[in-house]
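Q: With chain A held as given, fit chain B onto it using these hints.
There are 2 protein chains.
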Amino acid sequence: MRNFTLYERFSRAFHDYPKLSKLIIISTISGGGLIAYSEANAYKDAPNATGIKKKKVVVLGTGWAGTSFLKSLNSPSYDVQVISPRNYFAFTPLLPSVTCGTVEARSIVEPVRNIVKKKNVNVTFWEAECFKIDAQNKKVYCRSNQNTNLNGNKEFAVDYDYLVIAMGARPNTFNTPGVEENCHFLKEVEDAQRIRRHVIDNFEKASHPGLSDEERMRILHFVVVGGGPAGVEFAAELHDFVTEDLMKLYPSVKESVKITLLEAADHILNMFDKRITAFAEDKFQRDGIDVKLGSMVVKVTDKEISAKERGKGETTSMPFGMIVWSTGIGPHPMIKEFMKTVGQTNRRALATDEWLRVEGCDNVYALGDCATINQRKVMEDIAAIFRKADKDKSGTLTVREFQEAIDDICERYPQVELYLKNKKMRNIADLLMNAKGDVAKEAIELNIEEFKKALSEVDSQMKNLPATAQVAAQQGQYLAKCFNRMEECEKNPEGPLRFRESGRHRFQPFRYRHLGQFAPLGGEQTAAQLPGDWVSIGQSTQWLWYSVYASKLVSWRTRTLVISDWMRRFVFGRDSSGI
Amino acid sequence: MRNFTLYERFSRAFHDYPKLSKLIIISTISGGGLIAYSEANAYKDAPNATGIKKKKVVVLGTGWAGTSFLKSLNSPSYDVQVISPRNYFAFTPLLPSVTCGTVEARSIVEPVRNIVKKKNVNVTFWEAECFKIDAQNKKVYCRSNQNTNLNGNKEFAVDYDYLVIAMGARPNTFNTPGVEENCHFLKEVEDAQRIRRHVIDNFEKASHPGLSDEERMRILHFVVVGGGPAGVEFAAELHDFVTEDLMKLYPSVKESVKITLLEAADHILNMFDKRITAFAEDKFQRDGIDVKLGSMVVKVTDKEISAKERGKGETTSMPFGMIVWSTGIGPHPMIKEFMKTVGQTNRRALATDEWLRVEGCDNVYALGDCATINQRKVMEDIAAIFRKADKDKSGTLTVREFQEAIDDICERYPQVELYLKNKKMRNIADLLMNAKGDVAKEAIELNIEEFKKALSEVDSQMKNLPATAQVAAQQGQYLAKCFNRMEECEKNPEGPLRFRESGRHRFQPFRYRHLGQFAPLGGEQTAAQLPGDWVSIGQSTQWLWYSVYASKLVSWRTRTLVISDWMRRFVFGRDSSGI
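Sequences listed follow chains A and B, in order. Heads up, our numbering is the position in the first sequence plus 5, with the first residue counted as 1. Heads up, our numbering is the position in the second sequence plus 5, with the first residue counted as 1.
Isolated chain A, as found in the complex:
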């Protein structure tokens, strides 16, 4: 009975017909190009009704790791249940931009249901928080995170065959008193929205009549704690927001604005190349951002922040109007509890093996910021490696024997390859020769003790992966690929040799590929450290940043919105309405 309107008919064409939905709307705005296209919302029928019981996969979390897993999972042999307190994925690298309205919050989020509905895998989503994992009985316990008045059934349990933990981490306050109560963090979209409101509120407050100069300066003193990429980017964004937009609207208070960045180490951005650090510190000095290095925050009250200067040992206090705390991450309390039950104590994150399997329990995987890969040491397995490599059971290894095993060794123990590379050794023979002394390559034969000596230092090359979106996304994708080929690889394992046992590992272990890292510094200047220690700084890097981030966004919707936000900011500036 319902008449279809023009809008509905056109819109239906987009939503219902996958072929039509690739329709591309190209619009050219002021010389630049913007391409938007609607993704296919094709509804697939339930893929099989063959009666084979599907394995139940429960995914906890919808951040980078969880979402990347869900996006890459395409085997119809699973029933997937996603549980997260947020019903959306947020493109967190743009959070600092959201704090100042360069990009809108809604432009960087995409509903999980939208991400998963396009797949032929049966995925359901529940907005809830997991508060307990029972790995023995393969159950997770969840509760609705809403202030709901459901009749006593707020909590529920979910069974799993495989559990994928991707819950991320919490900001780390290092138990500094007053931080929880008086500082903003920068982990969630809501944090960024709160920061934005707080900045505007402080400018409004500072404009009030009858304020002393001292009070006005306090209100407009913005403190950033932590000189990592997020802290630095926020400080830079805030500086741009103040100078490009707010100073025009609040001319009476512009003299009172001050931004201070506190960093406990000797330099900001210390995970980057020295050239980048130096450029950033220099730029911040020119911009008037007060960078205090070697400053360890010891206490925060509602109006003052106290920091200890490492060199002098003195504690100084500064009045502040707003603090953003961005110093690192710690584990979720629930994860901490779970770690105790699986015998992992004194760790900062869930330890997994190289296949992302949580140590101490079966069929539980952990990835992203809540996990850390516990890379197996060569020295722990040295006897087994020797045995496997010594094919003729002679009790000694020849170069030839070792060379035959080296691919498996390097795959299983990536630190070996790293060690060779760092020591600038051409191949494994160099390593052995080092241990054996000056002997002709062909004549080398090592007994177990000599072999141990040759490899004694390789484990020093082991490094934890950084807690970045890049690592989490690669892990999610890796794990999904493993899940997609679970049955296939069960039959034909494709991983490296099992040194302590027989046969091969099912999958190749996870290997992280670093694609580079950006550090936006404000004023259309960005620094980037690209693979191969290639450093790029300046405005061209800002454009690289724009293009990389635009291409990495999760959907065409967010891509379009973020690009139009950038253009909007260029034409109209950032909005300063206090909503």
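The set of hints was computed from the structure by calculation and includes no laboratory data. Watch out, some of these pointers could steer you wrong.
Copies of the same chain look alike in the list, so a pair counts if it fits in one copy or across any two.
Unchecked claim - Simulated crosslink set (BS3-like; lysine-lysine; CA at most 27 Å straight-line):
1) K496 - K58
2) K60 - K253
3) K263 - K468
4) K297 - K313
5) K345 - K76
6) K122 - K263
7) K426 - K458
8) K122 - K259
9) K457 - K59
10) K59 - K253
11) K263 - K159
12) K59 - K259
A: Positioned in the frame of chain A, the structure of chain B alone reads:
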């Protein structure tokens, strides 16, 4: 020392050079046209330093009335102080669209500082709430509306020469118990944002496992109280959001969704033409929106709403998941207090005369939803009118004498003109002939009693103006024009004759010009009642709605954003992330 980047240089061109700033970016997207251009941010020098003390105008409120006043005020002879708890103007007619994400909240707001900084009038803004007006001492008392920790100086007083009260109104709960605690209102941008989150939250809640069907139906029962334009538009928007977007993402709960609209009167949209009402009720029935007419809400608890059906007198209760209360407006408590101090009691809004001056005090103006114009009755002044019109002091009025005075009478008492129009009388002679009986026009002479009789019914035509954005905006503009010409009109009054005193009024009284009203009904169907009782319904009216609203938006920024929101929704649908 600072190098200008490409961005800065281009951006400066926009912001600094008024001539360049008219640069027009034309982009053609999928056949439709979008025109965006940056407005001039030209900084004018302080216009005069002649030492003449400027009059201090305090404006309370930044809604339609206040903002329209500020936009139109252009006489440099005032120092304007704006005080409002919101530092932005919101385009409220689009609030129902914000509740469902058809338009983003930030697209319909514009910072007040942005609106006023382009002017040559000295305007300052303070984000604060006025809590007391002292008209005797010409002071207003304000306090910061932020949870601030200013040292005891949260409150401050501001002097004025002229006070413009444009604080709007509060939602009216008619003292129905439980409404404040359990219902959403739809007055502020924050309300719309809360409603949007609540709708999504309820869909998430309803998707939870272990819920009874009854509980799920309760959670997804959305109730709208009030069948005025806002309530009807919200119900329609919600219906569209559910059917066009949410049902695809929440297929498991779509059978449980229900929308109910409660209206105490016999019809929804009862201020509109009957054809529109009938069309709307019909459409809602087809859409499955349950419209309950003659339903008076008597009580709301956290899970149930009770309404009395007028015909039957029975009270029935319904479980609900969310209520939006949109039944009308009442005065702000502070305005109520102020009304007492100026001797206005038992009124629903501040009474003003036809020049928007608050009755009972000097130099205080009130406009918009917080005010109502107390139109002077003809019968109160009938003797004075007779005296003024009777130029030859003969004690009787001839048609000729009356005709000479009629322009002033109609201007001062617009009800006379309305009466003639409604009675389909060609001119004033008809009115007099009516009183005198069948006499030749030229021979008519009326004494005071006959004159009273002739005009005895004209006052019945007096009507209060509706509390709409249109009225508020016209009043703001009118008042600003009066202020702009204050000195000029002091010397050369241009208003109608003062009947009770000598001379003329300074200004013509405020006259409202009704430009028509829209009622969007969802599914790209809109009804409109245009001047001259012209009624238009359907999809073409929806396009008229789009163009009128786009043209009425306060700035090019909001215009661009709203138009791109509409396009975004068309291509990608509405976002359902719970932020």
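Q: Each hint needs a verdict: does it hold in this structure or not?
A: Hints, one by one, checked against the model:
In this assembly of identical chains, K496 and K58 lie within 27 Å of each other by CA distance solely inside one copy; the values are 20 Å within and 92 Å between copies. In the homo-oligomer, the alpha carbons of K60 and K253 lie at most 27 Å apart only across protomers (25 Å), although the nearest pairing inside one protomer, at 60 Å, exceeds that limit. Within a single copy, K263 and K468 get their C-alpha atoms no closer than 38 Å, and across copies no closer than 56 Å, so neither meets the 27 Å cut-off. For the homomeric pair K297 and K313, the shortest alpha-carbon distance inside one copy (11 Å) is at most 27 Å, but the shortest distance between copies (67 Å) is not.
With identical chains, the CA atoms of K345 and K76 are never at most 27 Å apart, being 31 Å at best within one copy and 64 Å at best between copies. When the C-alpha separation of K122 and K263 is checked against a cutoff of 27 Å, the pair qualifies only between copies, where the shortest distance is 24 Å, while the shortest distance within a copy is 47 Å. Proximity of K426 to K458 under the C-alpha cut-off of 27 Å is restricted to the intra-copy arrangement: shortest distance 18 Å within a copy versus 110 Å between copies. Taking identical chains as interchangeable, the C-alpha atoms of K122 and K259 lie at most 27 Å apart only when they sit on different chains, with a minimum of 16 Å there against 49 Å within one chain.
Proximity of K457 and K59 under a CA criterion of 27 Å is satisfied in neither setting, with 46 Å inside one chain copy and 91 Å between copies. For a Cα distance limit of 27 Å, the shortest separation of K59 from K253 across copies, 24 Å, qualifies, whereas the shortest one inside one copy, 61 Å, does not. Taking the closest pair of Cα atoms, K263 and K159 come within 27 Å of each other only across two copies (23 Å); inside a single copy the shortest separation is 46 Å, beyond that limit. In the homo-oligomer, the alpha carbons of K59 and K259 lie at most 27 Å apart only across protomers (26 Å), although the nearest pairing inside one protomer, at 63 Å, exceeds that limit.
Checked against the numbered hints given earlier, the structure breaks hints 3, 5 and 9 and satisfies all the rest.
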